[in-house]
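With the hints as constraints, model all of the structure from the sequences given.
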Amino acid sequence: MDEYVLIMRHENATGQVSPEQMQAWMQQTMDWLGGIAAQGKLLETGNGLSFDDARVVGHGGVVTNGPFGEIKETIGGYVIVKAESVEEAVEFAKGSPVLQGPGNTLEVRKVAKHDFK
Amino acid sequence: MNTEKLIPHLFRTESRKISAVLNKHFGIDYMEIAEDIVSDTFLSALETWPYKGIPDNPKAWLYAVAKNKTKNHIARTSNFENNITLEIFQNSEISTEIDLSERNISDSQLQMLFAVCHPSISRESQIALALKTLCGFGIHEIATAFLSNKETINKRLFRAKEKLKSEKIKIEFPEESKITERLDTVLLTLYLLFNEGYYSENQDNIIRKELCSEAMMLLELLLENYADKIPKIHALYALMCFHSSRLNARKDENGQLILYQNQDENNWDRSLIDKGIVHLHLATKGETASKYHIEASLAYWMTHKQDTKEKWEHVLKLYNLLLFQEYSPIAALNRTFALSKVYGNEVAKVEAEKLKLETNPFYFSLLAEFNKEKNKEIAIEYLKKAKEISTSKAQKELISSKIADLLKA
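Here the protein sequences come in this chain order: A and B.
Residue numbers for the first sequence, in my numbering: 1 to 117.
Residue numbers for the second sequence, in my numbering: 1 to 409.
No lab work stands behind these hints, which were simulated from the structure alone.
Ideal placement from N, C-alpha and C gives every residue a C-beta, glycine not left out.
Take the hints with a grain of salt, since some may be wrong.
[As the list claims (entries may be wrong)] List time: in silico PhoX-like cross-link candidates among lysine-lysine, alpha-carbon distance up to 25 angstroms:
| no. | chain 1 | residue 1 | chain 2 | residue 2 |
| --- | --- | --- | --- | --- |
| 1 | A | K110 | B | K356 |
| 2 | B | K374 | A | K41 |
| 3 | B | K341 | B | K376 |
| 4 | B | K387 | B | K374 |
| 5 | B | K376 | A | K94 |
| 6 | A | K82 | B | K349 |
[To be verified] Example chain B residues on the side facing chain A (calculated, C-beta under 8 angstroms, incomplete):
| no. | residue |
| --- | --- |
| 7 | Y319 |
| 8 | L323 |
| 9 | F324 |
| 10 | Y327 |
| 11 | A332 |
| 12 | R335 |
| 13 | T336 |
| 14 | K349 |
| 15 | E351 |
| 16 | K354 |
Here it is as structure tokens:
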């Protein structure tokens, strides 16, 4: 069994959502993750990444407010799951409510553990 | 109350107190002395009271006798040369007077609880030891409670006591810095002790109820002393209150399980539900939500029998949270049941099939539930599988009646 990180990418994210939208989205996200957890395959509920106070630090220490407007897609959060194969991890990803937004994507990446010894 | 009833009653309430004080007094190496003095004390009551009458203050009488027996015991062993127990009385400044004040009783019981639930002892031994030394259960009662035999329990207790001695566990309050960690072990032991009573397949209703009330009584010791700082103690207590409220309603007189939806709400104990609500409120003072908080909240919703959308949305959310903390098959199954109540059987069916709990009879019962309206034959097949792998007689009977109902429908 391997670990996979599901990285949520939002297209044209503004961080502007109504409290009602936020609540509905939270519930859908919880139900999605609950389904994975019920299979004993959820390693970390992970975290959302706030769109406020975001900075991009570039080459030469150049700091910009961002990443909005600079790049098309913004990382909105991540979760970590256990899966037998990348296909299984992809099946988990398909249930994410993030995908309801056209243009949004989930990136599925196997964790390659650092071996610092 | 006559002597026949009074002595067993006092044994239940007082022997644990005297025993805790004696254990604290002599230390963990001499638990047998404490046991002997307690039995001697009650033996004296049994011998004297039927002839001389019940004393005006039976409790004070027992305490006085226990004090005297302790003095005599110390005097006797001090004179007895080559006695192994001699060294403690020679080397230490052990007092011949035991302190049976309320304060010392409560402190000694708490300290014993910490000692007995020491992380170095296996969980099942902790429970057996707690029942023996803190709840005054006899070996026979413990064996009955665990559906085991006296010999096994005796061995288990012996090993546990040896471990306490070899690890040199002191009967004392844990260091301030270790309180949270040590309390976690104690809470888990009490949680398991309660579950032992609540979910046990034991036919003996009285034993089951006693295990639950003993767990609550021991938890009350912690409640008084630590709950202000550690709110999850309130949460665990609330959980026990809510569950206990249904103890009388969930089994019929033959020990048969009555399913939740068939229970008579009038048999639910309203005062325990109210008490649970108070403690659940107190539990929310902290910033973290423990597993006990989530389970207590779930148990709270189960005190609302009516199927409302609000109820099932909360229940689903709580099971999600519970699973985020810790996976368990039973939480996974319950979560999927809640899912069916919120989103319907079709959605829940797809999710249920992913659980793959093919060794769990409840898994197949749940699949049957989701299929029974649209596909009766498949539902019956699932129920047959559930019955095949179930190990409990009561459960098999229950499944049989479900199959019969479906065949009739």
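Status of each hint after checking the structure:
1. A:K110 to B:K356: holds, 24 angstroms
2. B:K374 to A:K41: Not satisfied, since the Cα-Cα distance of roughly 30 angstroms exceeds 25 angstroms.
3. B:K341 to B:K376: holds, 20 angstroms
4. B:K387 to B:K374: Holds. K387 (chain B) to K374 (chain B) sits at ~21 angstroms (cutoff 25 angstroms).
5. B:K376 to A:K94: Distance ~31 angstroms between K376 (chain B) and K94 (chain A) Cα, so the pair is violated.
6. A:K82 to B:K349: holds, 22 angstroms
7. Y319: holds, 7 angstroms
8. L323: OK, holds: L323 (chain B) within 8 angstroms of chain A, min 4 angstroms.
9. F324: holds, 5 angstroms
10. Y327: holds, 4 angstroms
11. A332: This interface hint holds because 4 angstroms falls under the 8 angstroms limit.
12. R335: holds, 5 angstroms
13. T336: holds, 6 angstroms
14. K349: At 13 angstroms from the nearest chain A Cβ, K349 (chain B) fails the 8 angstroms test, so the hint is violated.
15. E351: Holds. Min distance 5 angstroms.
16. K354: At 6 angstroms from the nearest chain A Cβ, K354 (chain B) passes the 8 angstroms test, so the hint holds.
Violation of the numbered hints given earlier is confined to hints 2, 5 and 14; the remaining hints are satisfied by the structure.
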